[in-house]
Amino acid sequence: MNPILFIVFLPLLAAAIAGLGNKALGNVAAKSVTTGALFVSCALSWPIFLSFVGGTAEASVTPVLHWVSSGALNFDWELRVDTMTAVMLVVITSVSALVHLYSWGYMAEDPDQPRFFAYLSLFTFAMLMLVTANNLVQMFFGWEGVGLASYLLIGFWFQRPSACAAAIKAFVVNRVGDLGFMLGIFGTYLVFGTVSIPEILHAAPSMAGSTIGFLGHRFDTMTILCILLFIGACGKSAQLGLHTWLPDAMEGPTPVSALIHAATMVTAGVFMVCRLSPMFVTSPVAMDVVTVVGAATCFFAATVGTTQWDIKRVIAYSTCSQLGYMFFAAGVGAFGASMFHLFTHAFFKALLFLGAGSVIHAMHHEQDMRYYGALRKEIPLTFWAMMAGTLAITGVGIAEIGGFAGFYSKDAIIEAAYARGTDVGHFASFIGIFAALLTSFYSWRLVFLTFFGKPRWAASEHIQHAVHGDHHDHPADEHSGEATEAAHGAHGHDDHAHGHGHAAEGTAGYHPHESPIAMLIPLGVLTLGAVFAGAVFHGPFVGVEQGLEFWKGALVFDEHLMHASHSVPVWIKWAPFTVMLTGLLVAWYAYLKNPKLPAAFVAQFGILHQFLFNKWYFDELYDFLFVRPAFWIGRQFWKIGDIGIIDRFGPNGAAWVVAKGTVGAKRLQSGYLTSYALIMLLGLVGAVSWVIAG
Amino acid sequence: MSNFPILSAMLAVPMAASLVCLLADAQRARLIALGATLVDFALGLLLWQGYQIGGSQWQFVEKAPLFAGFQWALGIDGIALVLIELSVFLMPLCILASWDAIEKRVSEYMAAFLLMETLMIGVFTAQDLFLFYIMFEAGLIPMYLIIGIWGGVDRIYASYKFFLYTLLGSVLMLIAMLWMVNFAGTTDIPTLMHTDFPVAAQRWLWLAFFASFAVKMPMWPVHTWLPDAHVQAPTAGSVILAGVLLKMGGYGFIRFSLPMFPEASAQFAPLVFALSMVAVVYTSLVALVQHDMKKLIAYSSVAHMAIVTVGLFAFNRQGLEGAMVVMLSHGLVSGALFLCVGVIYDRLHTREIDRYGGLSINMPKYALLFMLFTMASVGLPGTSGFVGEFLSMLGIYQLSSWVALVSGTGIILGAAYMLYLYRRVAFGAQKHADAAAMPDLSTREIVILAPIAAAVLWMGVYPESFIAPFRADIAALDARLAQAKPRGDAALTPGTPNRAAPAGEAHAALGGAATIKQKVALASEVAAAGRAR
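Protein sequence lines, in the order shown, are assigned to chains A and B.
Residues 2 to 695 (the numbering used here) make up the first sequence, in order.
Residues 5 to 537 (the numbering used here) make up the second sequence, in order.
These are computed hints drawn from the structure, not numbers from a lab.
Only a predicted model underlies this, so the values are computations on that prediction, with no experimental measurement involved.
Virtual Cβ for every residue (Gly too), placed ideally from N, Cα, C.
A hint or two may mislead.
Below are the EDC-like pairs computed for lysine to aspartate or glutamate, each with C-alpha atoms no more than 20 angstroms apart in a straight line [what the hints assert, rightly or not]:
(1) B:Lys369 x B:Asp444
(2) A:Lys24 x B:Asp444
(3) A:Lys24 x A:Glu110
(4) A:Lys455 x A:Glu546
(5) B:Lys369 x A:Asp113
(6) A:Lys455 x A:Glu560
(7) A:Lys378 x A:Glu515
(8) A:Lys640 x B:Asp444
(9) A:Lys574 x A:Asp424
(10) A:Lys640 x B:Glu267
(11) B:Lys369 x B:Glu267
(12) B:Lys489 x B:Glu267
(13) A:Lys378 x A:Glu506
(14) B:Lys435 x B:Glu356
(15) A:Lys640 x B:Asp192
These stretches of chain A come out as covered by chain B in the derived footprint (C-beta under 8 angstroms, 3 or more residues) [claimed, not checked]:
(16) 189-197
(17) 205-212
(18) 625-637
Isolated chain B (complex conformation) (with noise of 0.2 angstroms):
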C-alpha cells in the first residue's frame, strides 16, 4: 500500500476513462462513467482507510519533477482527504442522475464528466502552487462546457456570466502566486504555508487571492453568476458545481489565504464579515421569493457560503472545523435537493414552483426524502447541517456577538424559504393533473438518494468520523494564525460574586437570596455527585 499511487491512480482512472468515453457509444459511455467513476470511490474509501489521523500532516505524498522547476507533486491532509471523499462519493451519482436525462452526445458528456473529477481530486491533492493553478482553472472548462452545451434554453448566457466572472478572479490570483513564487523561490506547497511573507506584501496577495475565492464561494456581490449557472446546468452539472466546485472557494481560504498571510486575512476578517453579513439576510430574502427551484436552492447556497466564510475568519478551532463540516454538509444536502429538483424536472420538464403542489399524496417517498434534506439545510440538529452551522456560529461569537447574531438569522430565513418551497411542492392540494399524475422514486433514483440521506445522518449524529482526520491540521492552522487573532468583542470582566447582594437585596429582605445560594452549592454538589457516577 505504501508504495502504491494512490492520487496518482485516482487522477488517472477517470482521465483514461475519460478518453475511453469519447470513443464509445452512449450506452457504453454510461457503463464506462460508471465503471470508473466507482473505482475511484473504492480508491477513495482506501485513501480514508490508510490515511492515518495523528500521522504526519501530509500523508501519500507523491513527487517527481518534470520540467523548469515545474513538479508533479500530490499530497494529502485531512482536510483534503474529506473534500476528496466528498467528491468521489457525488461523482457516481452524478452519472446515474445523468442516465436517462441526458440524450445527446451522451459520450461527450460522460468524458467532461470524468475529466471534471480528475481535475478536482486535482485541486485538492495539488502540492505545487502551479500544478494547483492549472488544475483549479481547467477545472472550470468541463464545467462551462456542461452548462455551453448540455444546458438549457439561456445556456449561452449562464456560461459566459460563469466564465467572465472566475476569469477576473484567476488572473490576479496567479499574478500574486508569480511573486510568491519569487519570494519564497518555491512552488511547494507545504513550504509556502509557512512563509512569512512581509505583512504589506501580504494585504496584495491576499487581495488578488480573495478576488478568486470570493467568486467561488461565491460571496456578495460576485454570486449573480451561480443562480444563472445552476438553472441552466443539467441536474448533475448542479450537483457538482454545488457540491464540489464551490468548495474549492473554501478550500482556498483554507489552504492559502489563513496560512500564508494571516496577518493580512485578520486585518480584512471585517470586510470578509461584511459580505458575509449582507449575503446571509440579503440572499436569504431572495431566496424566499423566487419561482425557480434551483434559482431558489442556488440562492441558498449563497447563504450557507457566507456562514463558512463566517467561521473561517473566526481566527479558533470551532470557527474552522465548523466551516469544514458546512462545507461537507453543504456538498451532500444541496446537491441532493439539486438532485430532489432533477427527480421531478425530468417527470414535468420545468422548475417553476407552482406547477408542482400536493406531491406527498403521488409521491410519498420522494416527500420523505425531500423533507429530510430540507431539514438537513434549515440546519436541524441530528443532520449534518447542524454540526456546521452550531460551530461556526460558535466560533465567530467568541469574535463577534454582531456577526453571530447576524449571520444567525440565516436559521430563521433559512426555515423560512425552505418550508415555503416545501409547501408549495410536497404540501397543498393536487393543482395540475399532471403534476398529481408523476410516479414515485424508481429505483435508480433511491439508490441515488438513500446513500446521501444516510450520509446527512451520519455527520449529524457521528460527525466525529469526519471531523477526526482534519481536527490535527485545523489546531496547527490555528497555531499558525495564533499570532494574528483578533480580539473578540466579549471582554469578559469577573466581578466578585457577593457584589450581586446589592441588585439582590430585594431577595435578601425576605431571606431569600441567602438560601438560594446555598442552594445553588447544594445543586451544583449533586450535581457534580452526578456527573461523577
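With the rest of the complex left out, here is chain A (with noise of 0.2 angstroms):
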C-alpha cells in the first residue's frame, strides 16, 4: 500500500471513530485514536519530504476512486505527491500531531474532548486533500473542508456568542472568496478544457494573450483567471479585504489557532497560487495583483497589530502580516522564497500560538497583556519558547553567518521583490522592509509585555477569579460565557477609560504554574523548528542551483531571480536587520524603560491609534455595506414584495374576485375541490371529444 493513503486518510478514520465514538469512546480513547493517527502520519510524511530533498523521489499520483464525469467534464479522486505537496505533508502533520498532543494539556479540563479532538482530525484531512489535489475540484474540496472545520473549531464553545458569530463570519466571509475560486474553475474548464491542474498548467503559456469575455467586457484572458482564483486564495489567506474573519477566529482554542489559524489553512492561498504558478506567470498583470495586495495586507496588518492588548490577536494580525509576505514574494515570481517563508513561519507561529497558550493556561485564561508582566520567572520554559519564536519571527541573524528561521525567508522575500526590479517590486520590497520594522517591534512588545516589568495581574478579573477560590472553576470559566464575554466585553470598552496606560500592579496573590509536560513537548519540538528549519532548508526552498532540482518543475522556479537576489545592494541586505534591531529598541524603551510613553503617543496621535486600534475600521464598514443591508432588503422583499405585492395581487387579489363573484362561496374547503376535479373533467372530456374529432 501506497503511505500517501494511509497519510490522508489515516486522520479521517481517527475523525469518524472519535467523533462517533464521543462519549461512549470515552476521552482517552479519542483522544489516543487521533494523536496516534497523527503520529503515524507524520512518521509517514517526513521521508517523503527527506526523499524529495535528497533528490531521489519523482512526482507521483495515486488514483483512489472516480468522482465525476459529465460531458467532457471529468475528475477523479486521486493523491498527488511533488515537492509542493511534500513540503506541505511535514508541514501540516508535524504541527496537527504536535497540536494534538498539546490539546491533552491545553484541553484537558473542557468537558468536550472526544469532539474537539475529531474535528481536529478532520480538519487534518481536509488540509491533506487539498494539498494532494492533483485537480481544481479537489482542491476546492479540501478548501471548503478545512473552511468546516475551522468553522466548528472557531465554535467549538458554542454557547459564547461571540465563537458563534465569528464562527459564522469566518464561513461566509470565506465562501466570498469561493464564489471567486469557483468561477475561476469555471472559467478555466471553459477555456482548457480540463480541471486537471498538470494538464491546465501545461496549456497555461499557450492562452497568454488570448482574450475572453467575462460580465459584459473582454480581458486578458489568463489575467482575468488568476484573478478570479486569486480572490478564492484572499478568502482563505485573509488578504486584506476579506481578512476580517481571522482575528475574530482567534475564538476558538488557543491550539486550533495554532494549527488552522497560523500554520496550515490560512496558508491554502499561498499554496494555491504556488501550485499554480505556471498559470500566474503568464499575465504580468495579476502578478503585479498578487503583488499589490500582499504588500497591502503586509502592511495593514503590521499597523493594526503595534495596537492590540489582547495576546492572540496581536499574533492574529501578525499572521495577516505575514501571509501577505508570502503573497508579495509569489507575485514577484519568488515562488520558492513565498513556499519557504510558508514553511518556516508555520514552525514560528505555532511556536508563538502555543507558547501564548501556554501564558493563557499559566495565567488563568486572561489574554489580556495589559494584565500580564514578569512572567519571566513564573514560566521560565513558555519564556524561552516565546523568544525562540520571536527572535524567528523577527528574522535574527546576520546575512552570510545565520540566524533564526524567519532570517532566511524573509530576507530572501524582500531581497527578491527588490532584485525583480520592477515598481511594483521595488514598491514591495520597502513595504516588506517596513512591516518589518513593525513586526519586530509588536513582537518585543508582547514578549516584554508579558514577561518583563512588573506584574499587573490583579486588576485582571480571571486572575481575580483564580484568586478567589474558583480555582478548580477553569472548564467553566471558558464554557458558561456569561461571565467570560462580561469580562471581555469589559476589557474591549474600557480601554479609553484606562487611558492606555497600565492596569494596576500587584500580583493579588496568585501563583502562574508552568504548563503540563504534553504542552512543553510540542513547545520543545517547535523551538527546535524555530531555531534551525531556515538554516537546514534554505538550501532547497531557495538555493539557485539546488533549488531547482528540489522543486522539480513543481511550481516555477526563477533561478535567475534568485541569483540577482543574491547581488542587491548592500543596504537593502542589511535593512531588514536594522529595522529588526530599530523595532526591538523602540519596543523596550516604550515599554520598559519609559513605560509612560505609549499613553502619550496615544494622547498625541489620537486619531490614528484609534484607526489602527480599530482596525481600520472594516469591520464597522461590512455591516454598514453588507451586513445590516442585507436584513433590511430581505425584509423589504418579504413584507413589501411577497405579501404586499405578490400575494396582494395574485392570490389574494383573486380570492377576492371570486368571493365577489361566487354566491356559493361560503363551502370553501369542499368548494375547491369539486370544481378543481370539475375542471379536470371538463378538460379530459374535451380532449376525447378532440381526439376522437381527429
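Grab the two chains, each in its own frame, and use the hints to assemble them into the complex.
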C-alpha cells in the first residue's frame, strides 16, 4: 500500500471514530486514536519530504476513486505527491501531531474532548486532501473541508455568542472568496477544457495573450482567470478586504489558532498560488495584483498589530501580515521564497501561538497583555520558547553568517522583491522592510508586556476569579460564557477609560504555573524548528541550483531571480536587520524603559491610534455596507414584495374576485376541490372529443 | 423479469394499499402503509438493478390501449428512473415520520399518502400525454387534502393558495397539450419528443407549459404558495412536497419544454435566467430574516430550484446533469431538513426559531445530523449539494458569466441563512427550560434520518451511481438542443502567446520572462511525466 493513502485517510478514520464514538468511547480513547493517527501520518510524511530534499523522489499520482464525469468534464479523487505536496505534508502532519499532543494538556479540563479531537483530525484530513489535489475540484473540496473544520473549531465553545458569531463570519467571508475560486474553476474549464492541474499548467502558456468575455467586457484570459482564483486565495489566506474573519477566529481554543489560523489553513491561498504558478506567470497583471494585495495586507496587518492588547489578536494580525509577505513573494515570481516563508512561518508561528496558549493557561485564561507582566521567572520554559519564536519571526540573523528561521525566509523575500527590478517589486520590498520594523516592534512589545516589567495581574478579573476560591472552575470559566463575555466586553470598552496606561500593579497573590509536559514537548519541538528550519532548508527552497533540483518544476522556480537577489545592494541586505534592531529598541524603550510613553503617544495621536486600534474600521464598514442592508432588504422583499405585492394582487386578489362573484363561496374547502375536479373532468372530455374528432 | 409489468405493479401496490387503509383502524393502517411503501421501495431497487445503462432509451415499456385513442403507456428512461428512486426512497421514511405525529384520521391520512405515491410514480412513468396530465394534476389532490385536513392553523388559506396557483398553470398546459396532439396526431410522449413543432407555435406552447412548471418549481414570482403550504403541512407532507412534488416542475422542463420546443426554449432562456437570478438573491435574502424554521427552508428551496432552472437552460451537458443532481440532492436534503424540523416540532410544538437554542447540549446526535444536512444544503463538497450546484453553475458559466456570478451569490447567502439558522437552533446557550429538556433522537428518528444521511454522502463522494443511468438521456437531449443552442458570452479569442512579451517587458529586462517560460515548459514536462506514471 502506498504510504500517502495512510497519511491522508488515517486522520479521517480517527476523526470518524472519535466523533461518532464520542462520549461512549471516552476521552482517553478518543484522544489516543486521533493523536496516534496523526503521529503515524507524521512519521510517514517525513521520509517522503526528505527523499525530495535528497533528490531521490519523483512526483507521483495515486488514484483513489472516480468522482464525477459529465460530458467532457472529468475528475477523480486522487492523491498527488510532488515537492510542493511533500513540503505541505510535513508542515501539516507535524504541526497537527504536535497540536494534538498539546491539546491533551490544554483541553484537559474540557468536558467535550472527543469532539474537539475529532474536529482537529477532520481538519487535518481536509487539509491533506487540499495539498494532494491533482485537480482543481479536489482542491476545492479540501478548501471547503478546512473551512468547515475551521467553522466548527472557532465555534467549539458554542455557548459563547461571540464564538458563534466568529464562526459564521469565518465561513461566510470565506464563501465570498470561494465564489471567486469557483468562477475561476469554471473559467479554467471553459478555456482549457479540463480541471486537471497538470494539464492546465501545461496548456497555460499557450493561452497568454488571448482574450475572453467576462461580465460583458473583454479581458486578457489568463489575467481574469488568475484574479478570480486569487480572490479565493484572498479569502482563505485573509488578505486585505477578506481578512476580517481571521482576528475574530481567535475565539476558538488556542491550539486551533496555532494549527489552523497560523500554520496550515490560512496558508492554503499561498499554496494555491504557488501550485498554479505556471498560470500566474503568464499574466504580468495578475502577478502585480498579487504583489500589491500581499504588500498592502502585510502593511495593514502589521500596523493594526502594534495596537492590540489581546495576546492572540496580536499574533493573529502578525499572521495576516506574514501571509502578505508570502503573497508578494509569489507576486514578484519568487515562488520558492514564498513557500520557504510558509514553511518556516508554520513552525515559528505555531510556536508563538502555542506559547501564548501556555501563557493563557498559566494566567487562568486571561488574554489581555495589560494584565500580564513579569512572567519570565514564573514560566521560564514558555518564556524561552516564546523568545525563540520571537527571534525567528523578527528575523534575527547576520547576513552571510546565519540566524533564526524567519531571517532566511523573510530576507529572501525582501531581496527577491527588490531584485525583480520593477516598480511594483521595489514598492513591495520597501513595504516589506517597513513591515519588518513593525513586526519587530509588536513582537517585542508582546514579549516585554508579557514576560518583563512588573506583574500587573491584580486587575484581571480572571486572576481575581482564580484567587477568590473558584480555582477548580477552569472549564466553567471558558464555557459558561457569561462571565467571560462580560469580562471581555469590559476589556474592549474600558481601553479608553484606562487611558492606555498600565493596569494596577501587583500579583493579587496569584501564582502562575508552568504548563504540563504534554504542552511543553510541542513547544520544545517547535522551538527546534523555529531555530533551525531556516538554516537547514534554505538551500533546497531558495538556493540557486539546489532549488531547481528540489522543486523539479512543482512550481515556477526562477533561478535568475534567485541569483539576482544575491547581488542586491548592501543596504537592502542590511535593512531588515537594522529595522529589526530599531523595532526592538523602540519596544524596549516604550514598554520597559519609559512605560509612560505609549499613553503619551496615544494622547498625542489619538485619531491615528483609534484608527489602528479599530482595525481601520473594516468591520464597521462591512456591517454598514453588507450585513445590515442584507437583513433590511430581506425584510422589505418579504413584507413588501411577497406579502404586499405578489400575494395581494395574486392569490388574495383572485380570492377577492372569486368571493365577490360566487354565491356559494361559503363552503370554501370542499367547493374548491369539486370545482378543481370538475375542471379536470371538463378538460378530459374536451380532450377526448378532440382526439375522436381528429 | 422481462415480462413482469413492474411499473404497473409499482403503481398498483400503493393504490391497493390505499384502499385497504381506508377500511383499517389506525394502527393497522400505519403498518399497511409502511409495508406497502417498503414493497414499492423493494420494487424500486429491482427496477434500478434491472435498468440497463446503455440499453434502449425507454425501458420497462408497457402499452395497453384503453378507449378512444387513450392508452395505458408506461416506460422509463434514466431521468425518470432516478426520480422514481427518490420517491420510493422517501415514502417509507414519510410514513415512519407520521407514525406518532398524526393522531386524527390516521387511516385516511395513510390512504392519502399511498394514493399520492401512486400518482407520483405515475407522473414519472407515464408515456402518454394525457395519462401524464391526469397523474400530474391529480397528484395535487392528496397533497391538497393533507395540507387542508392535517395541516396547521391556517391550513385552509394555505391549501387554497396552493390550489389556485396550480390551477392557473394546469389549464393553460392542458390547452397546449390538446393543440399538440392535434398537430402531431399522437399522444405518445417519446414520439412527441422528436416532433419538430413550428417555431411560432413553439413559443405559445412553451409559455403554456411554463405556466404550469414554473408554479410547480416554483419560480419567482409565483413562489408564494410554497412557504405557506410548507408551514401548514404536516412534516411528512412537507417532505414529499419539497422532495418530490417540486421536482415535477423540473421533470416537466426536461421532458417537455426542452426536447419538444428547443427553439422556444432558447428564445425564452433569458426570461428563465432573469427569474432565476432574481429568485436566488431575493429568496435567499428573505430566508435570512425568517423566524419560522419551515418558512426559512421553504424559501431556501426556491433559491435552490432556481439553480435547477439555470442549469436546465444552460444548453450543455454539465448544466443539464447538474440540474438533475441538484433535484435529487435537494429532494434528499430539504426532505431531511423538514424531518429535522419535525423532530423538534414534535417535542415542543412550535416552529419559532427563537424558542430553541443550545440543542447541541441535550441533543448531540440530532445536532450532528442537522449539521450534516445544513452543510449539504450549503453545498459543501463531499455532500450531494455540491456536485449538482457545481455542475449547474459550471454549465451556465459557459453560456453567461453574469448568470453564473449572480446565481453564485447563492452560495454565500445560502451559507449565511443556513448557518444563522443552525446557530440559533443548535448553538448558543440553553435559553428555554422546555427546549433544554428535550430528549435526543429516538431509534425511530435515527432510522428515518440515517439512510438519508448515507445517501447524501454517497451522492457527494461517488455521484456516478446516480448520474450514470441518465447520462445517455441527457446526451440525447443535449444533441436535440444543439440546433437551438445559444452562443456563450466568453468567445475565447486566441492570442499569439509571444504577444505577451510587451506586457512582460519589465520582467524580461531582468531576464525573468524568458526563464520563466522555460521553467513553465519544464514544469509541464515533469507534470506530464507525473501523470503518465
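Does the alpha-carbon distance linking B:Lys435 and B:Glu356 stay inside the 20 angstroms limit?
14 angstroms, holds
Closer than 8 angstroms Cβ to Cβ for three or more residues is the test here. Does the segment 625-637 of chain A pass it with chain B?
holds (count 5)
Proposed proximity, A:Glu506 with A:Lys378 (alpha carbon, max 20 angstroms):
17 angstroms, holds
Does B:Glu267 sit within 20 angstroms of B:Lys369, going by the straight-line distance between their CA atoms?
51 angstroms, violated
Count the residues of the segment 205-212 of chain A with a beta-carbon closer than 8 angstroms to any beta-carbon of chain B: does the count reach three?
Three-residue rule met by the segment 205-212 of chain A, so holds; n is 8.
Taking only the CA atoms, is the gap from A:Lys574 to A:Asp424 under or equal to 20 angstroms?
19 angstroms, holds
Restraint check for A:Lys640 with B:Asp444, where alpha carbons must lie at most 20 angstroms apart
This hinted pair is violated, its Cα atoms lying about 36 angstroms apart.
Are the Cα atoms of A:Lys640 and B:Glu267 separated by 20 angstroms or less?
Answer violated: A:Lys640 to B:Glu267 is near 38 angstroms, above 20 angstroms.
Assess, step by step, whether the Cα of B:Lys369 is no farther than 20 angstroms from the Cα of A:Asp113, and give holds or violated.
Judged against 20 angstroms, a Cα distance of about 14 angstroms means the pair holds.
Against the 20 angstroms threshold, does the CA-CA distance of B:Lys369 and B:Asp444 hold or violate the hint?
7 angstroms, holds
Would the pair A:Lys24 and B:Asp444 pass a check requiring their Cα atoms to be no farther apart than 20 angstroms?
Holds, at about 14 angstroms.
So if I understand the rule, the pair passes when the alpha-carbon distance is 20 angstroms or less; does A:Lys455 with A:Glu546 pass?
51 angstroms, violated
When each numbered hint is compared with the structure, violations occur for hints 4, 6, 8, 10, 11, 15.
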